[in-house]
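Peer 1: Okay, here's what each chain looks like letter by letter:
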Amino acid sequence: MSFITIKKETIKGSILFLSIILISFFSGKQFLQMHKKDIIIQGPGISSKVKLSVYFPLLKGTPGDTDVYVFKGKEEGGNLLILGGTHPNEPAGFLTAIILIENIHVDKGKVFIIPQANHSGFTHNDPHEGNPQRFPIQTPEGIRWFRYGSRLTNPVHQWPDPVLYVNPSGQKLSGAESRNLNRCYPGKAKGNLTERIAFGITNLIKKEQIDLAIDLHEAAPEYPVINAIVFHENSAELAALVYMELQMEGFEFRLEASPKNLRGLSHREWGDTTKVKAILLESANASHGRLKGKPSVALIIDGKDKNYVKASRIGRLFVPFDEKGIPLKVRVGRHVAAIKAFLSNLQEVELGKGIDITNFPSAREIIEHGTGIYLEPPK
Amino acid sequence: MKKIILSIFILHFFIVSALLGQEKKDEVINIFEQPILITSAGQSAEVQIASVLAKRAGLSAALSKAAFANELKGIRTLVIVLGVSLKGLGAAGLDISQETNRVQILVDDAQRKNIPILCLHLGGETRRGQLTDDLINTFLPFSKMAIVVESGNKDGLFTSICKENHIPLIVVERAVDALQPLKKAFK
Ligand SMILES: [Zn+2]
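In order, the protein sequence lines correspond to chains A and B. Residue numbers for the first sequence follow the working numbering, so the first one is 1 and each next one is one higher. Residue numbers for the second sequence follow the working numbering, so the first one is 1 and each next one is one higher.
These are computed hints drawn from the structure, not numbers from a lab. It cannot be assumed that every hint is accurate.
Unchecked claim - For lysine to aspartate or glutamate, the following EDC-like pairs were computed, each having C-alpha atoms within a straight-line distance of at most 16 Å: (1) Lys55(B) to Glu237(A); (2) Lys108(A) to Glu75(A); (3) Lys65(B) to Glu237(A); (4) Lys73(B) to Asp109(B); (5) Lys340(A) to Glu245(A); (6) Lys65(B) to Glu233(A); (7) Lys87(B) to Glu233(A); (8) Lys72(A) to Asp107(A); (9) Lys306(A) to Glu323(A); (10) Lys154(B) to Asp133(B); (11) Lys353(A) to Asp107(A); (12) Lys113(B) to Glu33(B); (13) Lys72(A) to Glu208(A); (14) Lys306(A) to Asp322(A); (15) Lys55(B) to Glu348(A); (16) Lys72(A) to Asp356(A); (17) Lys260(A) to Asp95(B); (18) Lys304(A) to Asp322(A).
Whenever a hint applies, use it, and build me the whole structure from the sequences.
Peer 2: Laid out in structure tokens, this is it:
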């Protein structure tokens, strides 16, 4: 009798053990999928591709090192830096950067584009959020997939978090913010990985004498700084000109000054520690928000969500939100339109700092026909 | 015949009132003098837009987002750009009651010195809400004229305050459209 019981338990135990092994194996495999890199195709206008570690050698070989795409015009002019993927769960910024990389030609001035500013953040994706690991973009000749990462640096690359994080500008924040690239500026040479990435980017701005730097983001529709142009006070006039130009083109934005007491953010520290005109752009991403329903690929791409429609109706949102949602193509289109408006007005406030770009994707075309029309076919 | 006379009379009445309406619109020409001090009520970034517009209009204007009464020296017109931004207030190190006090002191001083006030609301409907509305209710009645972006006046708040206080109100579609009326309003 007892013999049979033991045997039964052994069998039960073995099954359980085997299941755990199998689950671990498959979930581990799934988990490691996030380390598979995104394919970014070098467009015809690229002059060179360098690593961020060129500007800060201590980053070399670390998961924080990332690609910088450089476009040099024949004529001297202004220098522009565009950052996507500061927060890898904000795909509009990342995708805008990729679309520019795969299309533009620079005739005058220099353009630097970093599509995955926090490269480590692309290697995991906050499992508790339940977001898909990747999202597809339909190009005319097939589907391309891109990672939907995390707001923060991968804890595998930077661990443990302090209880209280004091950032390089002296502001006290919650511990996890030590892995938020947009709280770590101007960075620290001997700091943690995220602070080193920030330090590398600040060094690039200094070394390349960047005139205008634009950090591309997305935020939840319930967040007050949304569909916004956030500007450092050194670029107030430029931002106001851009706001009006965008309005003339039918794009409504919210103009927000960078608060002086909010430290560690790109639009504050870039402007304070270098001569650059520092700008941050926000679009509205429902998959980012706390009110969203089921996370899905469709939510990322189409941006439709019943809960947000309801929230909008009762006046809880800072951006119009109806049944049509706010699709990725609209969010990317807005970023593209804003970047273009900044370029067309830069010359006006900084004589001789003009940047001429040809083959600049059209915001209206993107909004109408989707982002895929400006992406190279999958390889 | 009586009917025709009556019709002509009515038609005449409409034409005259239309002309009078036109004249009323013309009242906002050349009513302000320079130099101008541009300040914010609520610290929203639209104050920057006002500054750019003034520059474009070729006006001699100084921008002081959180101006104090001593800055009114030599100023002939005070421009107040209405709109609350919590981020902006935080950046200026002010809370809403401190901001309201500051503007109140400025407005009082301008009144004492006979400096006319021009109120602008350029942020549209996204720059409305209780805090902004409080400032509109408090300070708009002191102005000699107001220019607002249409979507910010959807509920007619500006229309009703201006009507009540006999303030000429110019409604424009977009912030950039405020340029012409602004230009015309100054000598
Ligand atoms: Zn962000």
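Peer 1: Give a verdict on every hint.
Peer 2: Now the hints, each set against the structure:
1. Lys55(B) to Glu237(A): 10 Å, holds
2. Lys108(A) to Glu75(A): 5 Å, holds
3. Lys65(B) to Glu237(A): Holds, because 13 Å separates the two Cα atoms, which is no more than 16 Å.
4. Lys73(B) to Asp109(B): 10 Å, holds
5. Lys340(A) to Glu245(A): OK: Lys340(A) and Glu245(A) at ~10 Å, within 16 Å.
6. Lys65(B) to Glu233(A): 12 Å, holds
7. Lys87(B) to Glu233(A): 13 Å, holds
8. Lys72(A) to Asp107(A): Holds: Lys72(A) and Asp107(A) sit about 7 Å apart, inside 16 Å.
9. Lys306(A) to Glu323(A): 7 Å, holds
10. Lys154(B) to Asp133(B): 13 Å, holds
11. Lys353(A) to Asp107(A): It holds: about 13 Å lies between the C-alpha atoms, which stays within 16 Å.
12. Lys113(B) to Glu33(B): 14 Å, holds
13. Lys72(A) to Glu208(A): With a Cα-Cα distance of about 12 Å, the restraint between Lys72(A) and Glu208(A) holds, given a limit of 16 Å.
14. Lys306(A) to Asp322(A): The hint holds at about 9 Å.
15. Lys55(B) to Glu348(A): 13 Å, holds
16. Lys72(A) to Asp356(A): It holds: about 11 Å lies between the C-alpha atoms, which stays within 16 Å.
17. Lys260(A) to Asp95(B): 15 Å, holds
18. Lys304(A) to Asp322(A): Answer holds: Lys304(A) to Asp322(A) is near 8 Å, not above 16 Å.
This entry satisfies every hint, going by the numbered hints stated previously.
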